[in-house]
Amino acid sequence: EPEVTQTPSHQVTQMGQEVILRCVPISNHLYFYWYRQILGQKVEFLVSFYNNEISEKSEIFDDQFSVERPDGSNFTLKIRSTKLEDSAMYFCASTPPGQGLYGYTFGSGTRLTVV
Amino acid sequence: GENVEQHPSTLSVQEGDSAVIKCTYSDSASNYFPWYKQELGKRPQLIIDIRSNVGEKKDQRIAVTLNKTAKHFSLHITETQPEDSAVYFCAATLNRDDKIIFGKGTRLHILP
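First to last, the sequence lines map onto chains A and B. Quick note on numbering: the working numbering labels position 49 of the first sequence as 49, and the sequence is numbered without any gaps. The working numbering runs 1000 ahead of the 1-based position in the second sequence.
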């Protein structure tokens, strides 16, 4: 079964530093997403991306966040100046076009620790 | 926007018994309701989903019911086994390719 791949699995960064989280969605999927999950809490929507642009973003996704699909396969989430409260598990997801059999496929996540 | 409430937050059941998790949603336009199982440190995995034009769906020991009028939906797990222990999230969305709004999760413990 195809998978959404995320790298790195764990990233430790100093407060104020920039981080880039990487995702490789499933190849025929057209919709891409980032979600985050603070430890012990629910999964929260950050942003959705379709046709090379943001289609929707939540209030969490402020000016410190950006997404990009630089080369047609990778999908990245950049946090410009990390804060302690950005520490969380970040999940990438993708969905196929139309009403396919399968809905969301989540990646295995990147655990971001800001110190 | 959509809001999904889930309860209970923790549920302990004896192995072999049934477990029921309940959710309500606020946006009557929502029409797709997936359920995810998340084991510690792992990704959420889709276990069952239901569309708004269906009232009930079953897959082996797992079933989901939906009451669109009341805007609530439930997950039923029968003949629970130790490997059912996990956190379960209900969710709602307008369409399969739309953002998913998750409930806060239910930590299910299966007691030996």
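There may be inaccurate statements among the hints.
Said to hold, decoys possible - Label pairs and their calculated CB-CB ranges:
| hint | chain 1 | residue 1 | chain 2 | residue 2 | range |
| --- | --- | --- | --- | --- | --- |
| 1 | B | E1015 | A | N51 | 45 to 55 Å |
| 2 | B | S1018 | A | G72 | 40 to 50 Å |
| 3 | B | Q1014 | A | I54 | 44 to 54 Å |
As the list claims (entries may be wrong) - Taking lysine-lysine and the DSS-like style, the derived pairs with C-alpha atoms no more than 30 Å apart in a straight line are:
| hint | chain 1 | residue 1 | chain 2 | residue 2 |
| --- | --- | --- | --- | --- |
| 4 | B | K1022 | B | K1071 |
| 5 | A | K57 | B | K1068 |
| 6 | A | K57 | B | K1058 |
| 7 | B | K1068 | A | K83 |
| 8 | B | K1037 | B | K1104 |
| 9 | A | K83 | B | K1058 |
| 10 | B | K1057 | B | K1037 |
| 11 | B | K1037 | B | K1068 |
| 12 | B | K1058 | A | K78 |
| 13 | B | K1071 | B | K1104 |
| 14 | B | K1068 | B | K1058 |
| 15 | B | K1104 | A | K83 |
| 16 | B | K1104 | B | K1058 |
| 17 | B | K1037 | A | K78 |
| 18 | B | K1037 | A | K57 |
| 19 | A | K78 | A | K42 |
| 20 | B | K1057 | A | K78 |
| 21 | B | K1022 | A | K42 |
| 22 | B | K1068 | B | K1104 |
| 23 | B | K1037 | B | K1071 |
| 24 | B | K1022 | A | K78 |
| 25 | A | K83 | B | K1057 |
| 26 | B | K1104 | A | K57 |
| 27 | A | K57 | B | K1022 |
| 28 | A | K83 | A | K42 |
| 29 | B | K1042 | B | K1104 |
| 30 | A | K78 | B | K1104 |
| 31 | B | K1042 | B | K1057 |
Note that these hints are calculated values from the structure, not bench results. Don't be surprised by glycine CBs; every beta carbon is placed ideally from N, CA and C.
Going down the list of hints, with the structure as the test:
At roughly 48 Å, the beta-carbon separation of B:E1015 and A:N51 lies within the given 45 to 55 Å, and the hint holds. Under the hint 40 to 50 Å, the C-beta atoms of B:S1018 and A:G72, about 47 Å apart, fit the expected range. Evaluation of the 44 to 54 Å hint for B:Q1014 and A:I54 yields a pass: the beta carbon distance comes to about 47 Å. Taking the CA atoms of B:K1022 and B:K1071, the gap is about 11 Å. The hint holds against a cut of 30 Å.
Only pairs whose Cα atoms come within 30 Å are accepted, and A:K57 paired with B:K1068 is accepted, the gap being roughly 27 Å. Note on A:K57 and B:K1058: the hinted pairing is violated, with a Cα-Cα distance of about 33 Å set against a maximum of 30 Å. Restraint check for B:K1068 and A:K83: the C-alpha separation of about 41 Å exceeds 30 Å, so the hint is violated. In summary, the hint linking B:K1037 to B:K1104 is supported, as the alpha carbons are separated by about 12 Å, within the 30 Å threshold.
The suggested pairing of A:K83 with B:K1058 is violated, with an alpha-carbon distance near 44 Å, which exceeds 30 Å. The hinted pair formed by B:K1057 and B:K1037 meets the criterion: a straight-line CA distance of about 17 Å does not exceed 30 Å. This hinted pair checks out: B:K1037 and B:K1068 have alpha carbons roughly 23 Å apart, not beyond 30 Å. Restraint check for B:K1058 and A:K78: not satisfied, since their Cα atoms lie roughly 40 Å apart, outside the 30 Å limit.
Of the pairs offered as hints, the one joining B:K1071 and B:K1104 holds, with about 17 Å between alpha carbons and a cut-off of 30 Å not exceeded. Note on B:K1068 and B:K1058: the hinted pairing holds, with a Cα-Cα distance of about 18 Å set against a maximum of 30 Å. Proposed proximity of B:K1104 and A:K83 is supported: the alpha carbons are some 24 Å apart, at most 30 Å. Restraint check for B:K1104 and B:K1058: the C-alpha separation of about 23 Å stays at or below 30 Å, so the hint holds.
At roughly 28 Å between alpha-carbon atoms, B:K1037 and A:K78 fall within 30 Å of each other, so this suggested pair holds. For the hint linking B:K1037 to A:K57, the alpha-carbon distance of about 25 Å falls within 30 Å, and the restraint holds. The suggested pairing of A:K78 with A:K42 holds, with an alpha-carbon distance near 21 Å, which does not exceed 30 Å. A C-alpha spacing of about 39 Å is found between B:K1057 and A:K78, which places the hinted pair above 30 Å, so the restraint is violated.
Taking the CA atoms of B:K1022 and A:K42, the gap is about 16 Å. The hint holds against a cut of 30 Å. The suggested pairing of B:K1068 with B:K1104 holds, with an alpha-carbon distance near 20 Å, which does not exceed 30 Å. The straight-line distance between the Cα atoms of B:K1037 and B:K1071 is roughly 22 Å, inside the 30 Å bound, and the hint therefore holds. Using a Cα cut-off of 30 Å, the hinted pair B:K1022 and A:K78 is violated, with the two alpha carbons roughly 36 Å apart.
The straight-line distance between the Cα atoms of A:K83 and B:K1057 is roughly 43 Å, outside the 30 Å bound, and the hint therefore fails. Restraint check for B:K1104 and A:K57: satisfied, since their Cα atoms lie roughly 20 Å apart, inside the 30 Å limit. A distance of roughly 28 Å separates the Cα atoms of A:K57 and B:K1022; the hinted pair therefore holds under the 30 Å criterion. Pair hint A:K83 plus A:K42 holds up; C-alpha atoms about 20 Å apart against a cutoff of 30 Å.
Between B:K1042 and B:K1104 the alpha-carbon distance is near 16 Å, which keeps this suggested pair within the 30 Å criterion. The hinted pair formed by A:K78 and B:K1104 meets the criterion: a straight-line CA distance of about 26 Å does not exceed 30 Å. Taking the CA atoms of B:K1042 and B:K1057, the gap is near 26 Å; set against the 30 Å cutoff, the hint holds.
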